[in-house]
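Using the sequences provided together with the hints, build the complete structure.
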Amino acid sequence: MVVGVRAAGPADLVAAREQMALSLGWHIVLACLGVGLPALTAFAEWRAIRTGQPVYLALAHRWAKAMGVLFAVGAVSGTILSFEMGLLWPGLMGTYGQVIGLPFALEGFAFFIEAIFVGIYLYGWDRLPRRVHLLTAVPIVVSGVASAFFVVSANAWMNQPRGFRLVDGGVTGVRPWAAMFNPATAPQTIHMILAAFMVTGFLTASVYAVGMLRGGRDRYHRLGFLIPFTAAAVLTPLQIAAGDYAARFLAHYQPTKLAAIEGVFNTGSHVPLHVGGVVRDGQLRYAIEIPDGLSLLVGYRPSTVITGLDRVPVADRPPVTPVHLAFDLMVGVGFGLLLLGAWLLLAWWRRRDLPRPALFLRLAVLAGAGSVAALEAGWVVTEVGRQPWVVYGYLRTADAVNPAPGLTAGLVLVAATYVVLTVASVHVLRRLAHAGQDAAGPLAAPQEAAPPQAAPQETVP
Amino acid sequence: MTAAQLMLAVLWIGLTLYALLAGADFGAGFWDLLAGGTARGRPQRHLIEEVIGPVWEANHVWLIFVLVLLWTGFPPVFAAVMSTLYLPLTLAALGIIARGAAFAFRKASDVLWQQRLFGAAFALSSVVTPYFLGTVAGAVASGRVPPGLAAGNLIRSWCNPTSVLGGVLAVGTCAYLAAMYLCHDARRLGRPDLAAAYRRRALVTGLAVGVLALAGIAVLHADAPALSGNLVHRALPLVIGSGLAGAASLALLVARRYLLVRATAALAVTAILWGWAVAQYPYMLPPGTPYTEVAATPAVLAAVLVVTGAGAVILLPSLAWLLILFQRQPAPGRHDVV
Chain G
27 MVVGVRAAGP
37 ADLVAAREQM
47 ALSLGWHIVL
57 ACLGVGLPAL
67 TAFAEWRAIR
77 TGQPVYLALA
87 HRWAKAMGVL
97 FAVGAVSGTI
107 LSFEMGLLWP
117 GLMGTYGQVI
127 GLPFALEGFA
137 FFIEAIFVGI
147 YLYGWDRLPR
157 RVHLLTAVPI
167 VVSGVASAFF
177 VVSANAWMNQ
187 PRGFRLVDGG
197 VTGVRPWAAM
207 FNPATAPQTI
217 HMILAAFMVT
227 GFLTASVYAV
237 GMLRGGRDRY
247 HRLGFLIPFT
257 AAAVLTPLQI
267 AAGDYAARFL
277 AHYQPTKLAA
287 IEGVFNTGSH
297 VPLHVGGVVR
307 DGQLRYAIEI
317 PDGLSLLVGY
327 RPSTVITGLD
337 RVPVADRPPV
347 TPVHLAFDLM
357 VGVGFGLLLL
367 GAWLLLAWWR
377 RRDLPRPALF
387 LRLAVLAGAG
397 SVAALEAGWV
407 VTEVGRQPWV
417 VYGYLRTADA
427 VNPAPGLTAG
437 LVLVAATYVV
447 LTVASVHVLR
457 RLAHAGQDAA
467 GPLAAPQEAA
477 PPQAAPQETV
487 P
Chain S
32 MTAAQLMLAV
42 LWIGLTLYAL
52 LAGADFGAGF
62 WDLLAGGTAR
72 GRPQRHLIEE
82 VIGPVWEANH
92 VWLIFVLVLL
102 WTGFPPVFAA
112 VMSTLYLPLT
122 LAALGIIARG
132 AAFAFRKASD
142 VLWQQRLFGA
152 AFALSSVVTP
162 YFLGTVAGAV
172 ASGRVPPGLA
182 AGNLIRSWCN
192 PTSVLGGVLA
202 VGTCAYLAAM
212 YLCHDARRLG
222 RPDLAAAYRR
232 RALVTGLAVG
242 VLALAGIAVL
252 HADAPALSGN
262 LVHRALPLVI
272 GSGLAGAASL
282 ALLVARRYLL
292 VRATAALAVT
302 AILWGWAVAQ
312 YPYMLPPGTP
322 YTEVAATPAV
332 LAAVLVVTGA
342 GAVILLPSLA
352 WLLILFQRQP
362 APGRHDVV
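Protein sequences, first through last, are from chains G and S.
At the far end of the first sequence sits residue 487, using this note's numbering, and the numbering has no gaps.
At the far end of the second sequence sits residue 369, using this note's numbering, and the numbering has no gaps.
Be careful, since some hints might not be right.
[Stated by the list, open to error] Cβ-to-Cβ under 10 Å is the rule here; a few derived chain G residues that face chain S:
hint: 1; residue: GLY94
hint: 2; residue: GLY104
hint: 3; residue: GLY112
hint: 4; residue: LEU148
hint: 5; residue: GLY150
hint: 6; residue: ARG153
hint: 7; residue: THR162
hint: 8; residue: VAL164
hint: 9; residue: GLY436
hint: 10; residue: ALA470
The hints are simulated quantities; they were obtained by calculation from the structure and are not laboratory data.
Cβ coordinates follow ideal geometry from the N, Cα and C atoms, glycine included.
Next comes the structure, spelled out in structure tokens:
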């Protein structure tokens, strides 16, 4: 690749990183819902067929509408990312685009299938026999999970670049399948796909928890809460195990990231587990220490040696405080969600009912926001923890950025757009949630056939 | 045929489908913009929602497909185009966000001022986005995007006669395709009055695009002589074919053969896109960067082509089902019945 004559200033690099963080951090929530909501919807529709109870079909229809709106917004926020790969990081794409192209091409197909069947599912709601209609959800669920796998495998490659040789700044001998199935693919994709289902479950349940706190205690609300919450709660312990696996993977494959996560500056054995704290003068301070904790977690023995940040030059170290605190936030929320799920399990075991205290529902409302916070924090850990590299050990983020001037202006424009998009999305979803239980009402997902005479109201009712 | 040539062809097929399918969706937004006041425009806007609602996302995915194949198959071209043309492409990206989101929101909204606001955002961005994408085509075609990162002029690369021509032609073609598609859809959905209105619009925009394309020859002759030279030599059969198909489309519109006109209009657009490709071949970034210099390694091309072939086997029947289902009317009384 020819190296451009321009060079990006530090402000432009920061702007490009912020823009990417904003667009990705926004899209990741939509992407998770795109993976998880179809499964929830299909489950409710399946129950409707099995039990013949209209309440399940009402829930399925409501979730299908939300899925339609969110899918439309996610489709565009995802497209923006494929633009930004080139607009912001042409130095990455010009050289390595072909190495990571395969999973993106696969993801393109998976997304295409998903888009087609979301269209079929929503438009076919009353055009197809119910059982056939349920079957059309299967490709949505499968391709949603596959999309997540493909995209995250490309991200895993940035952590564990494989399948190419670098000769004079250009890549040769590319083995695209080896690049895609790199060592980080398994830990990262498992962790991310579980996260997608958890976020969907806790977020959806939180909507109904709000409704129940406001007095909606009918079967519609209870099932709307219980189905997604139970699914997410069941996955929580699995996710904690998957996270443990991912962290232990780092100890062997990307020790710098683990050192940043735990604030380990000095290589050695008997390394404690740090909770909280900030970096001052090259050491983590004010942290709660669990003696030998990290050594035990990584190698099951206090004598396990942990590689510290002292093994890499200062210029190659990621910023420790944000990575460490983001990790603590993610783990803290994860265990909080585990306890909340255990509370429901206990109450269900004793009385076949939800826990009586309103506190449970209040915490369940928080769990929705908390799961999103954990998602974003986990993503900060993996992305910021890889810095200063965009391709770990091969290409620095600063060398990948578009050298054109004015990226800061682009950031302002994009940030303003996302603010508007967020406000509008939340507003529309709230209207969809408050439209009453008649899911066949006037509000429609974009893929649905519009109701015949949906004359708008003049004012907000 | 080498793997790189095959990749170029697949890329161009993707671009053609994007132009034909998503182009019509952009054009529908153009007509949404001109549909008139809230009460008068409601039947038209309703028709447009009905027609593009279930398919626009699938149509839109062709763009992602093209971007991914470009960065995988010809990474330096992707890097050069995206970095030099980041201004129009950022604006196009913002237009894509506004269009998709606003369209979804308008449908899910039942308050008039919000429908107006979302509708305006949808319609405006439907016009702006193809314009910027057209300027990008013009920038590449007129040889203003050199290889390297942001190596071209950041403003003049897309503010020049060929780019303006590309932008205006893109908007015009989208509007024409949409009006022409909507004729049949309006008739199918029992609105012959709207069909007549869109027939008039299709005739006017079709003529306008034809005249613009002819005037464009002069623009290209002055601004992009290499391209225009090849257009009237090597690519001449395609250019003439496009003109004939365009003329046939207008005749079919006059004769109200709404389904047949879809074929000829699609042919006209396809022929001009492939005419451009033939005229520019083998250069991806004219004047000096042939595709052979920028193609990915053979292993990558082979893997992606195999995946594309396998994907198409699943994709095309699914797509066909969506489009067939969509032409069907709802069964009355089956709403929410288990």
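> Going through the earlier hints one by one, which of them does the structure break, listed in rising order?
Replying inline: Going through the list in order, the structure violates hint 8 alone and respects the others.
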